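A.B. asks: The sequence shown: position 36 = 36 (the numbering used here), numbered continuously.
No lab work stands behind these hints, which were simulated from the structure alone. Note that this is a predicted model, so its numbers are computed, not measured. Beta carbons are placed, not taken as given, at the ideal position from N, Cα and C, and that holds for glycine. Careful: at least some of the hints might be erroneous.
If you anchor each label on the Cβ, the simulated ranges turn out as follows [unchecked claim]: (1) Gly44 to Gln119: 34 to 42 Å; (2) Asp101 to Ile51: 16 to 24 Å; (3) Asp101 to Ser61: 37 to 45 Å; (4) Lys114 to Pro67: 34 to 42 Å.
With a straight-line Cα cutoff of 20 Å, these simulated SDA-like cross-link-like pairs (lysine to any residue) come out [as the list claims (entries may be wrong)]: (5) Lys37 to Phe91; (6) Lys106 to Lys127; (7) Lys113 to Ser25; (8) Lys131 to Thr102; (9) Lys28 to Thr102.
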Amino acid sequence: MTTTTSKKSFKHFGVHLTLDGYQASEHKLNDVRLVFKILDDLPGILGMRKIITPYVIPCESNDKKDPGGVSGFVIIAESHISIHTFAARRFVSIDVYTCQDTLDTKKAIEYLKKALDIQQTEVNVIKRGLKFGKLAGLPR
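Start from the sequences and build out the full structure, keeping to the hints where you can.
C.D. replies: This is how it looks when you write it as structure tokens:
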């Protein structure tokens, strides 16, 4: 009996999308049910698998910078997605992190902009674990 081992190479461990959204809908940023729906739907849209139900809570003001909003996350088999809203500032901070080799960042950004009526974005895409394959003894 012969076994075949995967010859998949690992150039990096994963991809981390950070999206800061400006001039979003204050009403939508304060909507706990909407943030839950986004966290519940986005993994499937991006081909990821939820391993817990999203957890979303309203957050009270901390100070002048943070007037309160909604925070939530969902753990996915591939890592996590988190959303932190600052409704009175019309600002949202979102992370989509996956240990998959690729992430359809365009699809994620379009969905999030539409769902929260985000008018301007600041986006970063970071390749995580650039030394992972080499240091873990995996093919590069």
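A.B. asks: Asp101 and Ile51, beta-carbon distance inside 16 to 24 Å?
C.D. replies: holds, 20 Å
A.B. asks: Do the beta carbons of Asp101 and Ser61 sit within 37 to 45 Å of each other?
C.D. replies: holds, 40 Å
A.B. asks: Holds or violated: Lys37 with Phe91, Cα cutoff 20 Å?
C.D. replies: The hint holds at about 18 Å.
A.B. asks: Against the 20 Å threshold, does the CA-CA distance of Lys28 and Thr102 hold or violate the hint?
C.D. replies: Violated: Lys28 and Thr102 sit about 29 Å apart, past 20 Å.
A.B. asks: Are the Cα atoms of Lys106 and Lys127 separated by 20 Å or less?
C.D. replies: holds, 16 Å
A.B. asks: Lys131 and Thr102 were given as a pair; does the straight-line alpha-carbon distance stay at or below 20 Å?
C.D. replies: Distance of about 17 Å is within 20 Å: holds.
A.B. asks: Cβ-Cβ distance between Gly44 and Gln119: within 34 to 42 Å?
C.D. replies: Violated - the Cβ-Cβ distance for Gly44 and Gln119, about 26 Å, lies outside 34 to 42 Å.
A.B. asks: Starting from the range 34 to 42 Å, see whether the pair Lys114 and Pro67 falls in it by beta-carbon distance.
C.D. replies: violated, 24 Å
A.B. asks: If you draw a straight line from the CA of Lys113 to the CA of Ser25, is it 20 Å or shorter?
C.D. replies: holds, 10 Å
Checked against the numbered hints above, the structure breaks hints 1, 4 and 9 and satisfies the rest.
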